[in-house]
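*Asks:* So you can see what is in the structure, the chains are spelled out below.
Number of protein chains: 2
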Amino acid sequence: MEKNRSSDTVWHHATVTRVRRESLNAHRGVILWFTGLSGAGKSSLSHAVEEELFNRGCRTFVLDGDNIRHGLCSDLGFSMEDRVENIRRIGAVTKLFVDAGIITLTAFISPYIADRARARSLVPQGDFLEIYCNCPLEVCEERDVKGLYRLARRGDIQNFTGISSPYQEPTDPELVVDTGSLTLDESVNRVITFMQQRGVIDLVQ
Amino acid sequence: MEKNRSSDTVWHHATVTRVRRESLNAHRGVILWFTGLSGAGKSSLSHAVEEELFNRGCRTFVLDGDNIRHGLCSDLGFSMEDRVENIRRIGAVTKLFVDAGIITLTAFISPYIADRARARSLVPQGDFLEIYCNCPLEVCEERDVKGLYRLARRGDIQNFTGISSPYQEPTDPELVVDTGSLTLDESVNRVITFMQQRGVIDLVQ
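Protein chains in written order, with my numbering: chain A, 1 to 205; chain B, 1 to 205.
It is worth saying that the hints were derived from the structure and are not from the lab. Glycine included, each C-beta is placed from N, C-alpha and C at the ideal position. Mixed in with the good hints there might be a few duds.
What the hints assert, rightly or not - Here are some of the chain A residues that sit facing chain B, going by a computed Cβ distance under 8 Å:
#1 54
#2 71
#3 95
Only chain A is shown next, with the shape it has when bound in the complex (with noise of 0.2 Å):
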């Protein structure tokens, strides 16, 4: 019996591979990699196209500050070092969920050039597609969605980016969406259709 047992050795195998996933679905698995100041609408954006994308039948998931900071990257701050390996992690998950066939979209400030394109490494060319939520600080702040811009520069928040910590903007981003004077409907439709021109979704669907 034991002997019949060590047939282990090609049982363990992942057969439901990224393409049969991908074929299954009907669209590729990518990532939608939403990066900007905070207030830019990263995540109003990423969940816009989120729902748009579920209603032409898409598998989808976002990936942001709510399900991530309150979970996986609970033992983590705000330290240059946290936010390292934040970022880390989240193209690690990234990677994850580009593999089980999905549209993964996430929303994180992402401030460093280094740790996006870290993260892009973690995936075959052409997967990864940066698109940076182009909002001048002053329109942020002016916001000022969740008061933080308030509480930065009073210095009751620390390391807060734009204010006391820097952001690195893209130098080649697949692409801008100028999202401070775009609406919302103007900036989906842009994703939309950018993600047509890259075939990860049908012209007609």
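Following the hints, put chain B in place on chain A, whose structure we already have.
*Replies:* Chain B only, in chain A's frame:
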């Protein structure tokens, strides 16, 4: 224009819920948490179950040493502290996958009761299905598919579960599969039947 922008507050909202995803997928998202000794057949069984589920049109994903230890947890070793953190992170990731509506299979020794209980606590009751791959240590060691038991007995591997590190058997798992005596097909059938009984997948599919 900025005034208009401040309607951002209502935008930032996840509208694609787990319920909607499950409806699109036509099955529930659950976690099948396989636990057991090294060589008990967790990885083989989880991949074979995944193949069966995928052929029924289910959305699935397997988390195992191959895609976790080289990625998300590449910074962790096998000390007790690192094992705890390893399973903590895996638990957090399974929560994300189940929120994404996916049947999520994990194939980790996960030797400590407390760690499995913590992973279970992250999701609603009934979503975490603990499956004990019950295989006597002697059988696992006789198989020694990866040659690890031999190395552990020689002292070349430290903290090896069953040899130099404890394995805490589940006290109340949702399912026990006697992988030491059943064939792989028999084991797969046990899991599939169990999932049908639990209403995770349809009886006829």
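*Asks:* Which hint numbers doesn't this structure obey?
*Replies:* Structure breaks no hint.
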